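Chemist: Listed below, chain by chain, are the residues.
Number of protein chains: 2
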Amino acid sequence: MVANKTKTAKQAGEKTVEGSNNGKSELGITAKKDPDFSEWYPQVIQKAEMIEYGPVSGCMVIRPYAYSIWESVQSFLDNQFKKSGVQNAYFPMLIPESFLKKEQEHVKGFTPEVAWVTEHGDTKFEERLAIRPTSETIMYDSYKKWIRSYRDLPLRLNQWCNIVRWEFKHPVPFLRTREFLWQEGHTVFATKEEAMAETIEILDIYARAFEELYAVPVLKGRKTDTEKFAGAVYTNSLEIFMPNGRAIQGGTTHLLGQNFAKAFDITFLDKDGKKQYPWQNSWGFSTRSIGIMVAMHGDDKGLVLPPRIAPIQVVIVPIIFSNTPTVNEKILELAKSIKKELKTIRVELDEREEYSPGFKFNYWELKGVPLRIEIGPKDLEKNNIVIVRRDTGVKESIPVSDATIRVIKLLADVQDNLYNKAKKLLNDSIVKAGSLSELKEIIDHGKVAFVPWCGSDECEAKVKDETGAKSLNILFNQPELKSNCFCGCGRKAEKMIYFAKSY
Amino acid sequence: MVANKTKTAKQAGEKTVEGSNNGKSELGITAKKDPDFSEWYPQVIQKAEMIEYGPVSGCMVIRPYAYSIWESVQSFLDNQFKKSGVQNAYFPMLIPESFLKKEQEHVKGFTPEVAWVTEHGDTKFEERLAIRPTSETIMYDSYKKWIRSYRDLPLRLNQWCNIVRWEFKHPVPFLRTREFLWQEGHTVFATKEEAMAETIEILDIYARAFEELYAVPVLKGRKTDTEKFAGAVYTNSLEIFMPNGRAIQGGTTHLLGQNFAKAFDITFLDKDGKKQYPWQNSWGFSTRSIGIMVAMHGDDKGLVLPPRIAPIQVVIVPIIFSNTPTVNEKILELAKSIKKELKTIRVELDEREEYSPGFKFNYWELKGVPLRIEIGPKDLEKNNIVIVRRDTGVKESIPVSDATIRVIKLLADVQDNLYNKAKKLLNDSIVKAGSLSELKEIIDHGKVAFVPWCGSDECEAKVKDETGAKSLNILFNQPELKSNCFCGCGRKAEKMIYFAKSY
Numbered sequence: 098m099v100a101n102k103t104k105t106a107k108q109a110g111e112k113t114v115e116g117s118n119n120g121k122s123e124l125g126i127t128a129k130k131d132p133d134f135s136e137w138y139p140q141v142i143q144k145a146e147m148i149e150y151g152p153v154s155g156c157m158v159i160r161p162y163a164y165s166i167w168e169s170v171q172s173f174l175d176n177q178f179k180k181s182g183v184q185n186a187y188f189p190m191l192i193p194e195s196f197l198k199k200e201q202e203h204v205k206g207f208t209p210e211v212a213w214v215t216e217h218g219d220t221k222f223e224e225r226l227a228i229r230p231t232s233e234t235i236m237y238d239s240y241k242k243w244i245r246s247y248r249d250l251p252l253r254l255n256q257w258c259n260i261v262r263w264e265f266k267h268p269v270p271f272l273r274t275r276e277f278l279w280q281e282g283h284t285v286f287a288t289k290e291e292a293m294a295e296t297i298e299i300l301d302i303y304a305r306a307f308e309e310l311y312a313v314p315v316l317k318g319r320k321t322d323t324e325k326f327a328g329a330v331y332t333n334s335l336e337i338f339m340p341n342g343r344a345i346q347g348g349t350t351h352l353l354g355q356n357f358a359k360a361f362d363i364t365f366l367d368k369d370g371k372k373q374y375p376w377q378n379s380w381g382f383s384t385r386s387i388g389i390m391v392a393m394h395g396d397d398k399g400l401v402l403p404p405r406i407a408p409i410q411v412v413i414v415p416i417i418f419s420n421t422p423t424v425n426e427k428i429l430e431l432a433k434s435i436k437k438e439l440k441t442i443r444v445e446l447d448e449r450e451e452y453s454p455g456f457k458f459n460y461w462e463l464k465g466v467p468l469r470i471e472i473g474p475k476d477l478e479k480n481n482i483v484i485v486r487r488d489t490g491v492k493e494s495i496p497v498s499d500a501t502i503r504v505i506k507l508l509a510d511v512q513d514n515l516y517n518k519a520k521k522l523l524n525d526s527i528v529k530a531g532s533l534s535e536l537k538e539i540i541d542h543g544k545v546a547f548v549p550w551c552g553s554d555e556c557e558a559k560v561k562d563e564t565g566a567k568s569l570n571i572l573f574n575q576p577e578l579k580s581n582c583f584c585g586c587g588r589k590a591e592k593m594i595y596f597a598k599s600y
Numbered sequence: 098m099v100a101n102k103t104k105t106a107k108q109a110g111e112k113t114v115e116g117s118n119n120g121k122s123e124l125g126i127t128a129k130k131d132p133d134f135s136e137w138y139p140q141v142i143q144k145a146e147m148i149e150y151g152p153v154s155g156c157m158v159i160r161p162y163a164y165s166i167w168e169s170v171q172s173f174l175d176n177q178f179k180k181s182g183v184q185n186a187y188f189p190m191l192i193p194e195s196f197l198k199k200e201q202e203h204v205k206g207f208t209p210e211v212a213w214v215t216e217h218g219d220t221k222f223e224e225r226l227a228i229r230p231t232s233e234t235i236m237y238d239s240y241k242k243w244i245r246s247y248r249d250l251p252l253r254l255n256q257w258c259n260i261v262r263w264e265f266k267h268p269v270p271f272l273r274t275r276e277f278l279w280q281e282g283h284t285v286f287a288t289k290e291e292a293m294a295e296t297i298e299i300l301d302i303y304a305r306a307f308e309e310l311y312a313v314p315v316l317k318g319r320k321t322d323t324e325k326f327a328g329a330v331y332t333n334s335l336e337i338f339m340p341n342g343r344a345i346q347g348g349t350t351h352l353l354g355q356n357f358a359k360a361f362d363i364t365f366l367d368k369d370g371k372k373q374y375p376w377q378n379s380w381g382f383s384t385r386s387i388g389i390m391v392a393m394h395g396d397d398k399g400l401v402l403p404p405r406i407a408p409i410q411v412v413i414v415p416i417i418f419s420n421t422p423t424v425n426e427k428i429l430e431l432a433k434s435i436k437k438e439l440k441t442i443r444v445e446l447d448e449r450e451e452y453s454p455g456f457k458f459n460y461w462e463l464k465g466v467p468l469r470i471e472i473g474p475k476d477l478e479k480n481n482i483v484i485v486r487r488d489t490g491v492k493e494s495i496p497v498s499d500a501t502i503r504v505i506k507l508l509a510d511v512q513d514n515l516y517n518k519a520k521k522l523l524n525d526s527i528v529k530a531g532s533l534s535e536l537k538e539i540i541d542h543g544k545v546a547f548v549p550w551c552g553s554d555e556c557e558a559k560v561k562d563e564t565g566a567k568s569l570n571i572l573f574n575q576p577e578l579k580s581n582c583f584c585g586c587g588r589k590a591e592k593m594i595y596f597a598k599s600y
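From first to last, the protein sequence lines are chains A and B.
Count along the first sequence from 1, then add 97; that gives the number in the numbering used here.
Count along the second sequence from 1, then add 97; that gives the number in the numbering used here.
Next comes chain A alone, as it looks inside the complex (with noise of 0.2 Å):
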């Protein structure tokens, strides 16, 4: 074993923005998110309040700001999940060493990122445990002994818990970070129509998340034999393209066959009385999933938030000016009854009195709420407001008897904006190829190939080998195919699959 010293966040060379203070002070982002990406993002998410280091390299605080858009999503997923019949439950951390041995695909796929606990107080433990990096082994122990007939199944649930993989890779917080937090479902049928039904079912409901909340499209597949989860018999996914030119995988649902079942000698009895291995399912949706939205919708000024998960939808900002005392009052007075009127939004209306309108505007724009409504003495005497979109910066005037149904209405143009505009951006960045030079121009580009494929591992190696680019998915409704392999191998193609630079 080679000693390693437990690198701070600093040490490992991740982003740290000096006195990120509340985002008060160095207010601006100072990087531009094109072409500057690597900068631009850890500054948004930390300046915005979004996260903190920590001193362990790849373990990072999520702030209130981050914590509430994930507690909208939970919301929603909970609610699904629920509405489909899965059921809440709460499993141990700690696996012991031997459990995780027992599915041979699944311990080559976990342990090297397996971290261990060995000790407690002074006391060493005779064998190691695993902090769950997943919590198949775990929980399949329990299944054993809860399954015994066909009316046990199906038996589906779901956890919402901290998981730890330590990863060798850069962290990149949200994105890519050693502890996180997820769901993860784990479910058991009779049959495999019933298993591999659930796996369509629960990635509609993931991807329902991210285009209806975080207005972010996705591609919907399944995965490569490559690609897959470790122990599964496929993977499908959803997978996101980010406006820095990489794919990044947004939540996966495992058919898990009979693998397990067998692993962990999870039997029942069927109608006939015959004993019968059951069919498993695993699927999960991480914290990742925020690092995705601020990539996808943030520009220059800092974040740009969907109206749906924002924590704060509507900021009010009385325009104010210390010599006019009484119309300062009137204008307040104002800002409170228009806050007071949107009750079923979430608004803010922002008095501090020791920054200026100008400070007010910036730092809200950082913080990405999607309305602005601005109120000056100007304003006061028509009766108006002024309303500015975050995601345009488009301002309007309108009377203050129309605040009400004229918020609701920009709130449903800013979400439906960035969901077109980033579906525009997917569309435009696929491109399909039709050999490996084709394909090596695109990925070049900072694109998605979408080529014709054999099928075969070799063909799908050969472009990571190349271009360093993974397959992304495999469509699922694909396209009748005469074209041959794009990968100059002579067999003729199966089909169309993506392929792009990944996280």
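Don't read these hints as lab results, they were simulated from the structure.
As the structure is a computational prediction, the values presented were derived from the model and not from experiment.
Any given hint might turn out to be false.
Said to hold, decoys possible - Footprint (simulated), chain B over chain A, 3 or more residues, beta carbon under 8 Å:
1) 141-153
2) 179-189
3) 211-224
4) 233-240
Note that beta-carbon positions come from the ideal geometry of N, C-alpha and C, so glycine has one too.
Mind docking chain B on chain A? Use the hints.
Modeler: Chain B alone, transformed into the frame defined by chain A:
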């Protein structure tokens, strides 16, 4: 270091019930709550499908039937915290050893119970990482970065998470486990007064969760210096006295004073521009509360759940005989229409054909469902239903048309009755004593001794040495005392204090 085998639940002597198989075999509880509480409790929580033992001693599975109770309580607490201005966040679980050592009392209190992460993959960490036994040290490292001026205060954060404390005492599910779930609030104020007020505000919220949701009465008060949280100025607690004659701590709020601020160098500039140390609190409420509720209300038939947290509040059991198919159809029709009508209530219709009504009665009694509705052929004839209370066993026959209004009334009655019964038990269990010998007798009878105390550590220690009982807490509102200390030390009594055997 002593090698120590990772014991399985069974090896550690935990009470595993064989064949707990979904509670469907060996249905009944085979131990009496009194006097066999230590047999009864593990049987109830397993057979009612609340928990499953995991492979690592002290780390248990929280099954959906118990987890859903936790979700109800979480939702109540979370709403109350948010109303009070607290925000949720998430901090890393792994804490460098050097952090734990920064506050002297704190490290002494927690180090013996810490589970240490020492390796990832095949690589040793240079510094051991603690799995959080509580998060003061990791959170305050960030707080230091965020707090600069009085304008940044108060800072009031909470996190819902898992905790690991490798206690040496015999683990008991919920009541004392090595991994558990909780929330921990960590707040920072400019003044001591604000901090002190919050320790009461939050304790009151905890008390409401116990009294209004779990129907469990509490003793509110101040811990002695001997029993306070490691690193705190003082600890306020809720103490619950369980029917097995043991007290247990139900929730605590700690005034940390400026101890951690000094250890972690957290300072702020006050309105006059002077550098000050802020005042801090921490407070926590855990899944232990579920076990307390089970112990309080359960009986020889199984769980008895207070309606407000019962996952199923009403179960409808159709009484069906195999020789009357057309009657059966009508009974099921009526059962379904009643279920539909009770839409604001959590109702389950037990349509299972493979079990007799008698089996179902036992099954749902074991599960503690507050009300059972029976519908048989005779009820159908009279257009009546039978309602049976789980808490008293009292049956009544009412017209179908009164179902909703009666069910709502009875659920409220069950909730009240459980609380009142528990409250009476508590009142009957508290016995005043004036001397150590009287105190001993009270403790020997498994009751709570309420005694005048001089406030000295020695007199408190004497009780522990001679009886094994610990002090619970000191009433906030003290009567005027004229007697001397119970202990015979000759000093004047200053406070009334509770002593009892406890977890």
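Chemist: All hints are to be evaluated individually against the structure, with a verdict given for each.
Modeler: Hints, verified against the model:
Three residues within the 8 Å Cβ limit are the bar, and the stretch 141-153 of chain A against chain B gives 4, so the coverage statement holds. A stretch counts as covered by a chain when three or more of its residues have a beta carbon under 8 Å from one of that chain; for the stretch 179-189 of chain A and chain B the count is 6, and the coverage holds. Against chain B, the stretch 211-224 of chain A contributes 14 residues with a C-beta closer than 8 Å to a partner C-beta. That satisfies the three-residue criterion, and the hint holds. Counting residues of the stretch 233-240 of chain A whose C-beta lies closer than 8 Å to any C-beta of chain B gives 3; at least three are required, and the coverage claim holds.
Going through the hint list in order, the structure satisfies each hint without exception.
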